[in-house]
Amino acid sequence: MSAVGDQFAQQFALWVYLSRTPLLWLTLTLFAYWLSDRMSVASNRHPMANPVFHAIWIIGVILALTGTPYAVYFEGAQFVHFLLGPATVALAIPLYENRRTLMQSIVPMCVALFAGCVVAMVSAVSVAKLLGVPAPLLAAIAPKSVTSGVAMGIGEALGGDPALTGVLVVLTGIVGALIVTPLMNAVRIRDWRARGFAAGLAAHGMGTARAFHINPVAGTFAGIALGLNALLTAVLVPLVLILFGH
Amino acid sequence: MIGGLIVILMCQLAGEAVARGLGVPIPGPVIGMALLFALLLLRDRIASRLPTAMSGDTLEKTGQGLLSHLSLLFIPAGVGVVQNLGVFAEYGVALGAAIVISTILALLTTAWVFLPVARLTAHDERSGS
Chain A
1 MSAVGDQFAQ QFALWVYLSR TPLLWLTLTL FAYWLSDRMS VASNRHPMAN
51 PVFHAIWIIG VILALTGTPY AVYFEGAQFV HFLLGPATVA LAIPLYENRR
101 TLMQSIVPMC VALFAGCVVA MVSAVSVAKL LGVPAPLLAA IAPKSVTSGV
151 AMGIGEALGG DPALTGVLVV LTGIVGALIV TPLMNAVRIR DWRARGFAAG
201 LAAHGMGTAR AFHINPVAGT FAGIALGLNA LLTAVLVPLV LILFGH
Chain B
247 MIGGLIVILM CQLAGEAVAR GLGVPIPGPV IGMALLFALL LLRDRIASRL
297 PTAMSGDTLE KTGQGLLSHL SLLFIPAGVG VVQNLGVFAE YGVALGAAIV
347 ISTILALLTT AWVFLPVARL TAHDERSGS
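Line by line, the protein sequences give chains A and B.
Take the working numbering: the final residue in the first sequence is number 246, and no numbers are missing along the way.
Take the working numbering: the final residue in the second sequence is number 375, and no numbers are missing along the way.
Watch out, some of these pointers could steer you wrong.
Claimed, not checked - Partial list, derived from the structure: chain A residues whose beta carbon lies under 10 Å from chain B:
id, residue
1, I56
2, L63
3, H81
4, F82
5, L83
6, V235
Unchecked claim - Per the computed footprint, the stretches of chain B lying under chain A, defined by three or more beta-carbons under 8 Å from a beta-carbon of chain A, are:
id, segment
7, 253-263
8, 349-357
Claimed, not checked - Short derived list, chain B residues pointing at chain A, Cβ under 8 Å:
id, residue
9, L319
10, Q329
11, Y337
12, A343
13, V363
Don't read these hints as lab results, they were simulated from the structure.
Model, not experiment: these values are computed from the prediction.
The beta carbon of each residue, even a glycine, is placed where N, CA and C say it ideally should be.
All chains, please: the whole structure from these sequences, using the hints.
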């Protein structure tokens with residue numbers, strides 16, 4: 001074998017090794033996020049510079065170009081994915097620190113939670129059904145406003161594909177983070193509690209992350225909405241799907 | 247850092263145990279969040295007798311570390327779109343429309359319900375406190 005061919009074979013072997021280790025894909029996930037987050041900061045947190053959206057397409061393109069299956073990518077990315085659970089638990093900390101502000105708004109929060117949760121589920125399922133989406137996909141879209149770890153569990157329990165639920169949840173988060181600021185400005189809602197609570201309810205952790213970037217009070221209320229909505233959706237999703245004859 | 251992480255993981259573990267063991271339809275991490283909140287309330291009363299993982303701001307620092315890059319944690323699930331390109335080729339427009347319409351409706355409903363109820367109840371709390 002020629003020297004050039006030999007070198008190529010060695011490089012190829014190195015790629016085959018690295019592309020199968022969790023290390024490469026974990027690093028890529030962090031790097032793509034870091035890069036997108038820097039762009040977001042540079043654009044002064046413009047909604048269109050959503051770090052999750054840009055990180056996802058960057059990683060998606062790299063996986064497509066290298067012919068890497070998602071399962072191999074997830075071997076590395078699972079370490080990041082796992083932290084969704086502990087992060088949900090950790091939301092108790094901002095909740096606790098702001099418990100006095102929260103207690104003052106407990107009644108409006110409970111009423112808005114119920115209204116928002118029902119509207120989020122019923123509108124998603126009914127629009128999808130009207131546009132001809134089949135039943136198994138309806139089960140995947142019903143919990144789309146809940147944070148992904150939780151939603152994937154709910155979707156799976158109802159016979160939906162958990163991976164698809166995860167994607168729909170993240171898409172909802174991107175859409176919510178993108179539109180919450182212009183939408184709230186357009187309808188002249190300036191109360192940070194209401195804006196944050198709506199962002200956390202409709203767009204879970206990504207709405208919460210967006211709210212924390214804008215205002216700490218909004219972020220706190222978003223965190224509570226995220227937690228409470230996970231709770232209420234888990235209870236209500238089966239009922240909604242029965243209503244739609246699932 | 248490690249102490250704080252242990253407390254958080256133990257809350258999640260207890261939450262999962264309760265959810266699975268008792269068949270509660272509430273997800274484990276959400277129960278874990280309620281447990282950690284209860285622990286923090288309890289901490290104020292018995293602060294002096296607690297291990298360092300619970301006292302001081304170890305827990306707060308760990309939690310802030312986890313929460314400061316919350317959006318990062320959604321990337322692995324989001325990349326799953328590459329696995330569902332067939333579904334999106336067929337139903338992408340319908341699913342996209344459902345997500346956009348439903349997100350706008352949920353945001354507006356929540357904020358529009360929150361504000362008048364907050365105005366109505368604000369009076370009572372001021373007289374109560």
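To see whether the hints hold, each was checked on the structure:
1. I56: Status holds, d = 4 Å.
2. L63: 6 Å, holds
3. H81: Since the shortest Cβ distance to chain B is 4 Å, the answer is holds.
4. F82: 9 Å, holds
5. L83: 5 Å, holds
6. V235: Hint holds; V235/A Cβ to chain B Cβ min 6 Å, cut 10 Å.
7. 253-263: holds (count 5)
8. 349-357: holds (count 9)
9. L319: For L319/B, the interface hint holds, since the closest Cβ of chain A sits about 5 Å away, which is under 8 Å.
10. Q329: 4 Å, holds
11. Y337: 5 Å, holds
12. A343: 6 Å, holds
13. V363: 4 Å, holds
Figure legend: structure checked against the earlier numbered hints; every hint is met.
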